[in-house]
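There are 2 protein chains.
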Amino acid sequence: MDRTASTALASLDASLIDDTFKGFPTAAQPVKLGEIGKQGWNLLKGDLPFPVAVLKTSAIDHNSRWMDRFRKEQGVELCPHGKTTMSPQLFQRQLADGAWGITVATTQQLRISRVYGVSRVIMANQLIDPQGIRYVLAEMKRDPNFEFYCLVDSPAAVQRLAEIAKTANVGRPLRLLLEGGIAGGRTGCRTMEQAAAVAKAVLAGAPHVILRGVEGFEGIIDGASPEDRAAKVRAFVDFLGSIAKRGIAENWFGAGEIIATAGGSAEFDIVADAWRNGDFGAPVKVVLRSGCYLTHDSGLYENRFHDIQKRGIASTALANNGPKAALEVWTLVQSIPEPGLAFVTMGKRDVSFDVSLPVPIAWSPAGAASAEPMPKGNAVIKLNDQHGYLKGPADAPWKVGDRVAFGVSHPCTTFDRWQLIYLVDDAYNVTGAIRTFF
Amino acid sequence: MDRTASTALASLDASLIDDTFKGFPTAAQPVKLGEIGKQGWNLLKGDLPFPVAVLKTSAIDHNSRWMDRFRKEQGVELCPHGKTTMSPQLFQRQLADGAWGITVATTQQLRISRVYGVSRVIMANQLIDPQGIRYVLAEMKRDPNFEFYCLVDSPAAVQRLAEIAKTANVGRPLRLLLEGGIAGGRTGCRTMEQAAAVAKAVLAGAPHVILRGVEGFEGIIDGASPEDRAAKVRAFVDFLGSIAKRGIAENWFGAGEIIATAGGSAEFDIVADAWRNGDFGAPVKVVLRSGCYLTHDSGLYENRFHDIQKRGIASTALANNGPKAALEVWTLVQSIPEPGLAFVTMGKRDVSFDVSLPVPIAWSPAGAASAEPMPKGNAVIKLNDQHGYLKGPADAPWKVGDRVAFGVSHPCTTFDRWQLIYLVDDAYNVTGAIRTFF
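Quick mapping for you: the protein sequence lines, in order, are chains P and H.
Residue 422 in the numbering used here is what sits at position 298 of the first sequence, and the numbering runs on without skipping anything.
Residue 546 in the numbering used here is what sits at position 422 of the second sequence, and the numbering runs on without skipping anything.
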């Protein structure tokens, strides 16, 4: 951790958190972020208001170590997507556990990563906002250790970057990754011809811009079955590899390290498998960008991990002891107007609903000191802005005032609903808290 | 505006906003919130980063006056739902324009309203969190002018409130509204018998709790057609009215003002029409709770206003000059990898998608000083976390680097994605900014 990072994180630790933050005890005196873990709070003892979001540190620790073992086993690097959590404290944890850098999606996210001292950043997006372009170039000039990469998928965008970089006169080139895409998909060159045209534009923009490798995002690919999806992902990763190979053959890339990067949180194993011994014609550094492994989830990524287990790319030791869900949202039952239909204090403002609805995982009667697994047959059937509809059997165990915990599906869109998330041990003692910046 | 409000708002105005807030110029020096309007910034001149959210003050002014005229015309009160914007600055605007109080959905929202000096609050929800109950009672004790109402729909919840209120010994009763609901709907008593049981429990809890009226939320009712929905809403509002009538006949309510409150942002006219001359057996104060009228939108509520026009409850003068969309999210085109398919710098983290996708409304070529209406045939077809898919004809006017503005459908879930929203005039000069607290 460099000095900027430690100073900024110390300042964050010293910042006062008060009850304008959702989840902070109602009307409690403000507490420094870094001292929240010293308050002796416990979720089940009624020290926190509801709803409240917590991260289980046992799962975070396990997951962080898990991914480091996976990437070492495969001989690849990890540049986790910071957009998932947007928490500088978690970024530092990921870097300390061996991450090569941090990935971001926007200039605001880039700025947060820089404020908190991240020195190697992939912006897995086109850099298009003039304010963002000027900022990146100014940061490169100010900090010789700032290693920044962004994507390009059109000659027009390359020319725009090259022109502004020429004016800024940083003294070293802006590092670009040639983005490959898929027809009907998202950004990125659809064909080798498009990719070659972009590479040509970068070469024409030298020495202000330089191509440092290839990039793609396979996470948007869907399929009729897990096997079909995996086959399509593999074909796309092979297409990206073929761009790298041609680039090496035709000297698109500058002297020095060549990077190939892909890999969201569902098929990172396929990317590692395709590329770790890839026939590129020169050494290539393979960089995965998974973001959700750190907290995992109780829906989308839990299911997708079963596919990873079946594919058998990760070693059996890793596949049998995969990531665990760390993120939970705790609520109160506020009304049971019909038998088997409860309303909990959690809505669209508090939890993800874009991939699937939250999953009831645990339940604790009012006043109880511990929680029990939620019996089968309970499910969230709908969310309003501030209400969750929990359907269960007519003899469901919960009563008005009881606590119900939910796992999430797709962590990203739960993280962005909380500026303050508690760190808890397995007994729900609060051991700390993180801030997010969305 | 009382002293607490003006002190707290002055303190908010003095708070420093920096580029850790999404939408603040990248790497600019921090500016006090109250001085953002003095910076001479203009969205189209490139002074703001993208994406950015703005509120058109001409529309806000119009809408605020519109609703005040509507409620006066109908002879009812307005207690706008603060959950929509969660902006204390907008709450004060609404109160200054004649609102009777502010509605909230959660104890955190209640707390924000109290920090910023709102003295009359309806919590349109059960008050169930022990921390929240204790807070309300402490606030009632501290501030004799604090007028608070919350909902009850079960004897168990009433007993819980009465017991804690008894211990707190505030010296005046906690004011409750008997919530009516609809089978298969959300919270609230489904039948008159259930309502009578709740009323009996409140009477048994005297003098610590008191029933002050009835409440319901018709906004969750759907129908096969606008007419079908309107008929169901009317039937539900009549059911709530019958609870009020029986309560008056059987002395469920304490001496003093009796309140009947319902009315979201789509069918508030039906509520006013049903109740303003209601045959309750005693005078009843009718309180609407619409929240979205202030910003309106470009989807859900725009469509629903056509139904209001057709129903003819609002006067022709008001119906012909209804609310205007105030909230826009501006983005940049970052990639056009296929003809007619653009990717804009806006995703699920930046804009609502829960009711329908954002609507492209305007477009401004890079460097242009003004914006043009977006031609027909352009639509958002998908959002990822940080990307928007804009589909248009192969000869769509936008190019990489151009600016595209989107209207939203359902303002609530766009507001909660921005802590900082600019106020702009019709030429997109920044005249100020609001903070939100989610």
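Be careful, since some hints might not be right.
As the list claims (entries may be wrong) - Think about it this way: if two alpha-carbon atoms lie no more than 16 Å apart in a straight line, the pair counts; the simulated EDC-like pairs of lysine to aspartate or glutamate are:
#1 H:Lys506 <-> P:Glu351
#2 H:Lys506 <-> P:Asp221
#3 P:Lys169 <-> P:Asp478
#4 P:Lys196 <-> P:Asp397
#5 P:Lys506 <-> H:Asp478
#6 P:Lys434 <-> P:Asp526
#7 P:Lys196 <-> P:Asp221
#8 P:Lys506 <-> H:Asp346
Said to hold, decoys possible - Residues of chain P placed beyond 10 Å of chain H at every Cβ, according to the derived structure:
#9 Ala129
#10 Leu133
#11 Pro149
#12 Gln250
#13 Leu327
#14 Ala328
#15 Asp431
#16 Gly436
#17 Asp519
#18 Val524
No lab work stands behind these hints: they were computed from the structure.
A virtual CB, placed ideally from N, CA and C, is assigned to each residue, including glycine.
Which of the stated hints cannot be reconciled with the structure, identified by number in ascending sequence?
1, 2, 3, 6, 11, 12 and 18
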